[in-house]
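Asks: Sequence:
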Amino acid sequence: MCMKSILAPIDGAKSSHAVLNAAFLIAQEFSSHINVLNVKPDPRSAIPLLGEGMSGAMIEDMINMVEVEGTEQRAKAHSFYKSALEKYAAIEASQPVGDDKVTVQWLEDQGRDDEIIARYGRLADIILVPKPVEENEVYSTLALNAALFETGRPMMLLPEMPLEHFPKTVSICWNGSMEGARAVSAAKPFLKHADAVHIITADTSATDKPVGGELLDYLQWYDIKAEAIFFTPAGKSVGQALLSESQKLGAELMVMGGYTHSRMRELILGGATRDVIENAQIPVIMGH
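Read left to right, the sequence shown gives residues 757 to 1044 (the working numbering).
Some hints here could point you the wrong way.
Pairs of lysine to any residue, SDA-like flavour, derived with a Cα cap of 25 Å [unchecked claim]:
#, residue 1, residue 2
1, K796, K832
2, K832, E920
3, K832, M818
4, K843, E823
5, K770, K843
6, K1004, L975
Computed Cβ-Cβ distance ranges for the label pairs, DEER-style [unchecked claim]:
#, residue 1, residue 2, range
7, K857, E890, 36 to 44 Å
8, V824, T960, 49 to 57 Å
9, A990, K948, 29 to 37 Å
10, P852, E823, 29 to 37 Å
Just so you know, the hints here were simulated from the structure itself, not pulled from any lab data.
Fair warning: this is a prediction, and the values are worked out from it, not measured in the lab.
Beta carbons are placed, not taken as given, at the ideal position from N, Cα and C, and that holds for glycine.
Build the full structure now, drawing on both the sequences and the hints.
Replies: This is how it looks when you write it as structure tokens:
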């Protein structure tokens, strides 16, 4: 169980600090390689959005504006990268240099954020994305959706506040779903390095009490010690209840399946995944 390749897409917004900080803390724990990816928008992609009735000069001005903004964002992102590189004294490399080394590489590409993040993400052990906030909601939502739905790889959702240390207390939000199983499988390296692992299952019509014990038995084969907790949401939504229970347990990392119901249903009616994405104050590993 290893975590050798980390993808850290950044756009130069404030949340880039949290992504880079988490990437280096994880890499130090597992001696990983980090690919820091910046995607610059293709100005030509703005042309179909401009519509009819605009003169050639106006279209050219819009294209130039997209180009200038993309260049400025890339410069900001690269300055964050250089600062993190200096802070963590990592080795810049595009090839392995040794099993116990933390290496990092700056990658630039141009095009649609979601398409490019998905392409790079399929060859990563984990993809780090910031929690959508007002400052960069469009970018972070595109990154989140690409990582969760288009890669087949696990995603770690990061809160605005940067991590202070590698998470050692983990809560697994378990309902026996396929998505949850994928998240647990992806999180095994983190579970192996944890001091405490709590399997928490909310008492709902879709869950049975034994499911937590079944996961506990499974993890024992990997020498991962855990405790199973079956609790009642007590008037809260399932997502809010899972966040509250994790907080009570002192969890520094959550693990859960993402969108175990239909994505459209959760977007319209709400659901545990949406609650967690909007309200989590600790990192969350999700699988879909």
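Asks: Now look at each hint and say whether the structure bears it out.
Replies: Hints, verified against the model:
1. Between K796 and K832, the direct Cα distance comes to roughly 12 Å. Compliance with the 25 Å bound is thereby established for this hinted pair.
2. Between K832 and E920 the alpha-carbon distance is near 23 Å, which keeps this suggested pair within the 25 Å criterion.
3. Restraint check for K832 and M818: satisfied, since their Cα atoms lie roughly 21 Å apart, inside the 25 Å limit.
4. Only pairs whose Cα atoms come within 25 Å are accepted, and K843 paired with E823 is rejected, the gap being roughly 30 Å.
5. About 17 Å separates the Cα atoms of K770 and K843, which keeps this hinted pair within 25 Å; it holds.
6. Between K1004 and L975 the alpha-carbon distance is near 23 Å, which keeps this suggested pair within the 25 Å criterion.
7. The hinted range of 36 to 44 Å is satisfied by K857 and E890, whose Cβ atoms lie roughly 38 Å apart.
8. A hinted range of 49 to 57 Å for the beta carbons of V824 and T960 is consistent with their spacing of about 51 Å.
9. A hinted range of 29 to 37 Å for the beta carbons of A990 and K948 is consistent with their spacing of about 33 Å.
10. Between P852 and E823 the C-beta distance comes to about 36 Å, which sits within the given range of 29 to 37 Å.
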